[in-house]
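*Asks:* Top to bottom, those sequences are chains E and L.
Going by my numbering, the letters in the first sequence line up with residues 7 to 192, in that order.
Going by my numbering, the letters in the second sequence line up with residues 2 to 261, in that order.
You may find that some hints are simply not true.
[Stated by the list, open to error] When the alpha-carbon atoms are kept at most 30 Å apart in a straight line, the in silico DSSO-like pairs for lysine-lysine are as follows:
hint, chain 1, residue 1, chain 2, residue 2
1, E, Lys98, L, Lys7
2, L, Lys52, L, Lys258
3, E, Lys119, L, Lys7
4, E, Lys99, L, Lys162
5, E, Lys120, L, Lys7
6, L, Lys162, L, Lys52
7, L, Lys258, L, Lys129
8, E, Lys179, L, Lys7
9, E, Lys39, E, Lys27
No lab work stands behind these hints, which were simulated from the structure alone.
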Amino acid sequence: MAILLLLLYLLVIVIALFSIKLIKIVKQDNINKTIDFLRKFLLVIGVAMLLVYISLFIVAIINISESEYVYVMFVKLIIHTIYYISIFTLAKKLLDNLNNDIIFEEENVESIKKIGSNFIYLGVVEIITGLVLGIFNILSDSSWKEFRLETNPTVILFLIIGNILLIISYILKKAIEIYKENQLTI
Amino acid sequence: MQRLVKAIAAISLIILLTFFLIPIKLDTEKIIKQNLSNDELVSNMGLDPSKLLHSQKKIIKSENLSYLREFKEDSLIAESVNPYLFQRTWSVDRFLLDYEGDSTIDTAAYLFIDPEGNYHVMYNYRFKLLKNDHNHFTLDFSRHHNLQLVNYETYLIYKDKEYYSDVSYNFNLNEKKFFMPIPRFSQYFKYPSISGFYHFKFLNIGEYESSFFSLVIKTYDYVQKQNNHIVLGFNSFRNNPNDLIRYVPTSLSIIYKEDN
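Model the full structure from these sequences, guided by the hints.
*Replies:* Now the structure itself:
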């Protein structure tokens, strides 16, 4: 357990350092350099998250027979991992398109829309897991009759990010329409 | 991808539902059978047989105990006039006690006397299955008697059936602090109760008169306070761990005089 904790701290430090570096590079206003760094950043975040989730998987599997709460958390971890993998794949695709000057394409709209939807689903999964546990515990003769509703800020954060990305996807869709009209006019 | 997530969610919900519907996994061979003749004997003494465990009734019969009186939880007298400022040296740490809380342990004590004139106390407790075994009780009695622990037993109770559970622990009789052992049991959505008893014998010390008996049992219900965890980015704040554990104390006084 101590090794897993140490690993977690190391990852957090690496992510923090990369984030500071990213802000510095964005300030330089060099698109190619920024895209290059964003790729690395995405890779680091992706690998870090995967490692964190693997550690959590191990801890959850060891303790899965302890209580139904661990089981629900384990399922939540699996679903989260699927969504995160999808988000990272789509983000990488967007960066590739940006690098290859593929901007005003329906493909990008769809990718942003999917990322936005995935974030909303992540928020929904958080809420549903809390509800499922609450309902089952009320039905069974548990000593704690309360809804374990997840109210941590990440739920709200997921929903806000998802909504903003959906808005951006519609802005891009509108931009593509205007771009196409302009192309025809010329 | 959505299909995969939906499939995982549906399968896990079905598994969860199955776990919920699975009957309790308790060894049926360990069910303690009811003995009607013991029940009748106890009932003739003026005791309610449903309040006692089957093995207790057996002990009452085998040791030929005569029932004197039942004692229930009464008002707790704090360890000092102002428990938040002063305490007696032998009290449980004042910072750990929650005088306002409600105890989740049902307790009762039964006083008996054996043919030799020694007092017997059977202290019963019952509570919902917990993951910790910190619940305990202490005994305070006059030095007119010598304490002897005859035995202690713990059972899992589910749907009015008693299941034998083999629990044991080492304790120091001189401390007069006794824990309520927890049998190891874990099954999703199943919460049997734990019911047990301690059987104490108070041996007479020759030079004192034995017509009066007094005992105070203080029960300490272990309560793990809700752990508030405030997250600010990667930083987080939690309760002071020293302030998390609290015991809800309750008291049970046994005062008996033969003429009374």
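*Asks:* Measure nothing beyond the straight line between the CA atoms of lysine 120(E) and lysine 7(L); if it is 30 Å or shorter, mark the hint as holding.
*Replies:* The hint holds at about 16 Å.
*Asks:* Next pair to validate is lysine 119(E) with lysine 7(L); report whether the Cα-Cα distance is within 30 Å.
*Replies:* holds, 19 Å
*Asks:* For the pair supplied as a hint, lysine 98(E) and lysine 7(L), confirm whether the alpha-carbon distance does not exceed 30 Å.
*Replies:* Status holds; Cα separation ~25 Å.
*Asks:* Mind checking the alpha carbons of lysine 52(L) and lysine 258(L) for me, to see if they're no more than 30 Å apart?
*Replies:* holds, 24 Å
*Asks:* Please verify whether lysine 99(E) and lysine 162(L) have alpha carbons no more than 30 Å apart.
*Replies:* violated, 62 Å
*Asks:* Quickly compare the C-alpha distance for lysine 39(E) and lysine 27(E) to 30 Å and report which way the hint goes.
*Replies:* Roughly 12 Å separates the two Cα atoms, so the pair holds.
*Asks:* Lysine 258(L) and lysine 129(L) were given as a pair; does the straight-line alpha-carbon distance stay at or below 30 Å?
*Replies:* violated, 35 Å
*Asks:* Is it true that the CA of lysine 179(E) sits at most 30 Å from the CA of lysine 7(L)?
*Replies:* With Cα atoms ~29 Å apart, lysine 179(E) and lysine 7(L) stay inside 30 Å; holds.
*Asks:* With the threshold set at 30 Å, check whether the alpha-carbon distance from lysine 162(L) to lysine 52(L) stays at or below it.
*Replies:* holds, 13 Å
Going through the hint list in order, the structure does not satisfy hints 4 and 7.
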